[in-house]
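K.L.:
Based on these hints, arrange chains D and F on the given structure of chain Z.
Residue strings, one per chain:
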Amino acid sequence: MTFEPRIVGFLCNWCSYTGADLAGTSRIHYAPNVRIIRVMCSARIDPTFVLKALHDGADGVLICGCHPGDCHYSEGNYKMMRRYPLLKSLLADYGIEDERVRLEWISASEGQRFADIVNDMTERVRALGPSPVKAALEADLAER
Amino acid sequence: MPDDKLQIAIYWGAACGGCDVSILDTDAFILDIDKAADILLWPIATDGKYKDIEALADGHLDVTIMSGAVRNSENEHMAHLLRQKSKLFVAYGSCAYMGGIPALANLAPREEIIARAYLNNASLEPGNTTVPRPRTSLNGYDLELPEFYPRVYKLDQVVDVDYYVPGCPPQPGQAQAAITALVMALTGQAEAPPKGSVVGAYERALCDDCTRTKSEEKKVKRFYRPWQIMQDPAVCLMEQGILCAGSATRSGCGVRCPNSGIPCRGCYGPAPGVVDQGAKLLSAVASIIDSKEPDEIDKILLTLPDFTSFANRYSVAASPLQRSHRR
Amino acid sequence: MEDLKIGVFVCNCGTNIAKVIDCDAVIDSVERLPYVAVARTYKYMCSDPGQDMIQADIQEYGLDRVVVAACSPRMHEPTFRKALQKAGLNPYFLEMANIREQCSWVHDDPLAATEKAAALTAAAVMRVAHHEALERRSVDMCPNTLVIGGGIAGMSAALDLADAGNRVYLVERSDHLGGNVARADLTAPYLDSARDMLTERVTRVVRHPNIDVLLESQVRKVDGFVGNFQTTIRGKADDGAPSDRVYDIGSVIVCTGYKEFDASRITHYGYGKLPNVVTSFELEKMLRAGRVTTKDGKIPQYVAIIHCVGSRNLEFHAYCSRVCCMTALKYAHEIKSAVPGAYVSDIYIDMHAFGKGMEDFYRRSSEIKTLFLMYEKNDYPVIRKADATDDCDMLIEVNEILSGETIELPADLVVLMVGMEAREDSAEVAHLVNISRDKDGWFIESHPKLDPVATTTDGVYIAGACQAPKDIPDSVAQARAAAARILARTARGRIEIDAVFAEVDEERCSGCRMCNELCPYVAIEFDAETRRSHVISALCKACGACAAACPSGAISARHFTDRQIFAEIEGVLA
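Protein chains in written order, with the numbering used here: chain Z, 1 to 144; chain D, 145 to 471; chain F, 472 to 1045.
Bound conformation, chain Z alone (with noise of 0.2 Å):
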């Protein structure tokens, strides 16, 4: 049995969001291994809901955005790209392998783009394995 990874994508709703549903419209096929929660922007991502998806089970996380100089709330891309190195380094500094959790911005019209990242992200992090991470809280938890 190939292991077939579970990644969380937030995707913003006026650019990535809508990029996805156009992959959808011109039928492009890509990997079903990413299960997207829409918000409205990428700044509305706060770094507890990455780490809520790891410790849940997550194998990966896709963040998307507007690109930079085109969020549909002028600026809100930026506060994401101003998080994210935080982040990283967090997540490094807890073990989670870089490939994990990715950044990426999808504007509306990247029907096909989406698609490729998708299936990118889903060979990087089948290629890491599963996440150990709430097997091994769980475990952490089972004898206490």
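Only true hints are included.
Straight-line Cα separation of at most 27 Å, DSSO-like style, residue types lysine-lysine; simulated pairs: (1) D/K231 with D/K149; (2) Z/K88 with D/K443; (3) F/K910 with F/K920; (4) D/K365 with Z/K88; (5) F/K692 with D/K363; (6) F/K840 with F/K769; (7) F/K730 with F/K756; (8) Z/K88 with D/K436; (9) F/K476 with F/K553; (10) D/K195 with D/K179; (11) D/K363 with Z/K88; (12) F/K730 with F/K910; (13) F/K490 with F/K514; (14) F/K490 with F/K920; (15) D/K436 with D/K363; (16) D/K339 with D/K231; (17) F/K856 with F/K744; (18) F/K848 with F/K910; (19) F/K766 with F/K756; (20) D/K436 with F/K910; (21) D/K436 with F/K692.
Read the hints as simulated data drawn from the structure, not as lab findings.
P.N.:
Then chains D and F, alone, in the frame of chain Z:
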């Protein structure tokens, strides 16, 4: 035991003793505690033994106030034992509440910690191979040491906790308030707070009580360690580029640190309703970075070494990931 | 959570969803979730019987929440919200799971797709349990409209709006109306006079009591929200100095048009080096003046027209500029008319005669003895100066497909059909009105098929070539469509806007002021007396940045609360 006195235990797990000192620091109030209660176990101050606790009936203790985290098997054993013997169980201090400073060890594997403490450091005889072992037989005697767990737990990951008193340590005035509230509840003089409450602290973040001025101009081009600049004591520390956890930390401590010129380190834990204090600090720090260029942002972050230890200084065990998952 | 009752409705969407996803299996898996009172499938949930079914179930089961697993919420969330409202349920008690655009249409493995659909539906069920009743806000709808761009699209939109009795501010950067159509002589396929068409428009616009024509003016700022915008227009005062004025408007239509491709970027056509290689617009100038000549004033004997200059070309623009084929045929007619003995060659890749009257026009163009030469995409003709002994100015080498031969064509005048490009100021315009551009710089419409003139910013519409290359009929159609959309709203006098905004819990706000500067709409005010921040809900656009950034968690983003999103995360991973 006299029936009208409360029966209490005050105990420590992986702790520094500061929380016990904070109770002693309530000065004359300690005499009120003595009047109201028999302290059956308080290693720092009284002569009680573990077997005295083991001999009690379940639920005999009205309350156990336990500080410190769970680092080893003795901490865990005593947490379970005291929980079993107590009506109420209070996690006292940041270590008990969130894992505290000991939980920073969760970012390294146990083997690395043992090696650093016992094998590879400048204060050891070179070539030392002696490390603690759970069991040793010597001259016909068996010696047991507690097992050093691979990670640190906060108390509610090990036992059912009724109340939390935050702080490193809880400020003595708050310690007094919390203990008073418990005694009032236990003696039926007042309604008990809802189970799971944080007591001895306020409902807003530190900024509410901090007297430094706060403006809407919150943009910095770099961060400073507190010793790197002459700060303006009247102005918000974050606005001066000095990382302060106050905006993401529950108030109640009296703002002693920012009032003394050093930034808040977050020991009172997150504001009510917040799941991860570290994540909120991350957002706060990101919000004040004055740049829209990824390269420039990276450069600014170089002035902020070891962000994780700032974000989760007291709360590693309470964070969603709880510990390092490096294989 | 007391006793919530959640209804789950999984749409087959004909075969669009059902062909890949086992909808019954999805029903089976969600039926077991807490609070699910009823779960069923239907062929077309958005149809009247589908909506009736939802409403009937709401009554019969006393549902508190509804989940519809179907197409993208961007498609039908308003539809199903209205259905809930009709059944007496707050419209925000709906959550949709996107199992079409983001599942059945993009995955081919039915098992994997079904599993994903079940997870997405479960996530919606868990999320909707935390939804709160929200009330939409009713706001004024200012009947004035700002039209940016005084070309054929801008003028057409302005006239429809003005004829209906509404004020229009028509802002034009240059000193005249007419845009790119004003540079043309005739139009394809009927060879009507562009000037006559424009004169009618311009005269009516300029004389219309409801239209303020602001020439040599630019939009500097647009603030506010739909029905309640303020725009600052910079024009010229009498002494020539710049002067700003603020106008209240309810809607904006962007009709900024296009610019032509710079032919000098294609070196093998020699534009800018060979004097008799001209662009389509340069030819128009000659046609309007009534004289088609070479650079040194001679009448050309051989004229060649080359299609797809800068278009359908991966190096420059991959897209087709749509109008050039018919315009090229128009030139064939016009040149033959101006220079009756001339040999006209039309060098093309494909003949895009897609519209009304166009195939006939194509046929008529061959009847007037235009020579058609077809070349392979990427195998471009090459133009070089002829020798003194040749009886022409230039020679064009074409690898002609239909004959299979390499043809050397004489030419005294070469017309390059330069493609359409997004204007350089399109980025600036996009930012001003808060709309997006695609990778080619064209403004993005709300839905490529079903909503071509609206944008993601409510109250801002796009019409004409600025949305994508198109001809006059399509530009006018879009312009009038945008006007109609606006009139539908102004007719009601008030509009309802979303109730989704951020709120500060003042019991939790510590006055740290991390939020005030974060808001791009300056919607978070700090009260120095109470030392608390609060959100001005009318200005809030619900991006949620403040909710994520508030270090106390004191700000909640309505309808996108932490609890709702946590529940969704748990649901997709369950």
